[in-house]
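Start from the sequences, fold in the hints, and give me the full structure.
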Amino acid sequence: MRVNLDISTVPEDYRFHHDIRVRFAETDAMGVMHHASYVPFLEESRVEFLRELGHPYKDIRAAGYDLAVLECVVQYRLSARFEDIVRVHTRVSSLKGATFQMDYLLMIDDDICASAATVHGVVDPSGRATRAPGWMKDLLTDVA
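Take the sequence shown: its letter number 99 is residue 982 in our numbering, and every next letter is one higher.
No wet-lab data here; the hints were simulated from the structure.
Check before you lean on any hint, since a few could be wrong.
[As the list claims (entries may be wrong)] Straight-line alpha carbon distances no greater than 25 Å define the calculated SDA-like cross-link-like pairs of lysine to any residue that follow:
1. 979 to 947
2. 1020 to 956
3. 979 to 935
4. 1020 to 947
5. 979 to 889
6. 979 to 931
7. 1020 to 1010
8. 979 to 899
9. 979 to 1009
10. 941 to 955
11. 941 to 953
12. 979 to 888
13. 941 to 900
14. 979 to 1014
[Said to hold, decoys possible] Derived DEER-like restraints, expressed as beta-carbon distance ranges:
15. 922 to 1010: 13 to 23 Å
16. 1008 to 907: 35 to 45 Å
17. 980 to 889: 16 to 26 Å
18. 942 to 898: 18 to 28 Å
19. 994 to 911: 14 to 24 Å
20. 953 to 1021: 16 to 26 Å
21. 958 to 907: 19 to 29 Å
22. 965 to 1011: 38 to 48 Å
23. 887 to 927: 19 to 29 Å
24. 1008 to 914: 37 to 47 Å
25. 889 to 953: 12 to 22 Å
26. 887 to 951: 17 to 27 Å
27. 961 to 1009: 39 to 49 Å
28. 951 to 914: 32 to 42 Å
Note that beta-carbon positions come from the ideal geometry of N, C-alpha and C, so glycine has one too.
Have a look at this one:
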């Protein structure tokens, strides 16, 4: 699977969102959120998304799965700044065998500050690719 950059910019296309406040430590000397700080926002939203769906990451791991990040792309549009509340909209946009893509729309109020995608491989504890658990197919039900 290769990352699909056709990421929706319509918040209603996402079944979940999570709000995160930009901390001072995540900004540069200009008070702007550093580009590398966006990746932990994606991870936090992804973990909360799975928890909300009744599949906390610790339970996924206990069932013998890990979700390795294979690819990550962030398209920056508007600078997030210290104390901004970033709403991270999150969804699974594709699933095929042992890989799936998650899309993210990061917004400050009504403005898009970034869009992003991560591609994950479902692996067993030894790191070998394995088919995604059956419940993951249900994550695609809202994708247009």
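Hints that the structure is at odds with (numbers, increasing): Failing hints: none at all.
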